[in-house]
Amino acid sequence: AQRVTQPEKLLSVFKGAPVELKCNYSYSGSPELFWYVQYSRQRLQLLLRHISRESIKGFTADLNKGETSFHLKKPFAQEEDSAMYYCALSGRGGQRDSNYQLIWGAGTKLIIKP
Amino acid sequence: ETGVTQTPRHLVMGMTNKKSLKCEQHLGHNAMYWYKQSAKKPLELMFVYSLEERVENNSVPSRFSPECPNSSHLFLHLHTLQPEDSALYLCASSQVMGGPDTEAFFGQGTRLTVV
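Protein chains in written order, with our numbering: chain U, 1 to 114; chain G, 1001 to 1115.
Calculated directly from the structure, the hints in this document are not laboratory data.
Here are some chain G residues pointing at chain U (derived, C-beta under 7 Å): (1) Pro1042; (2) Leu1043; (3) Glu1103; (4) Phe1106; (5) Gln1108.
Since this is a predicted model, take the numbers as computed values, not measurements.
Backbone N, C-alpha and C define an ideal beta-carbon position, used for all residues, glycine too.
Excised from the complex, chain U in its bound form (with noise of 0.2 Å):
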């Protein structure tokens, strides 16, 4: 079955200190996975996508497929980095087979402290 885990409900970390939201994945194919922000009081956004392999506000993500992970990394957090983070996979499936549809982690909320 095709499944996105995120096995942290919530993160808490010193600014300054190193963060890593942990994404897991289960899925058959060859799996394209994104991160999405979503900070407060504003809209769920793309963070970074796996196939860009760029880094975006200080956040990289690699795809290790022996592990089936897509962990979300930084090495210095900053107290703006506080917010919801959701993890998902885009893959074939749903109705038909043909679909792409993006499968979703429950989220990791991060808070940074002061």
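Since the structure of chain U is provided, determine the placement of chain G on it from the hints.
Then chain G, alone, in the frame of chain U:
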């Protein structure tokens, strides 16, 4: 406003009421989505429209009825809802429905409370 716009932002309705949620996008996208976001639960995909055709209906109760009159507008008609339907309803759009690197653009949501 550019992007994806949802109205109303907040809605309180009784179980016997009929109301509609509206979503509008001017991004030229061909796919639109309704999601339900409840506390402590993953985002739940409700409906997907591609080129105004409904292509996904994820076992959503019939008290939720979507409508896509054109590629820029999406409605969610509500009737005889239950208190457990209270949630944040998110609309999203993407350039196309499929594709591995499709980015979803979200509206700010409608906070629905059923009393």
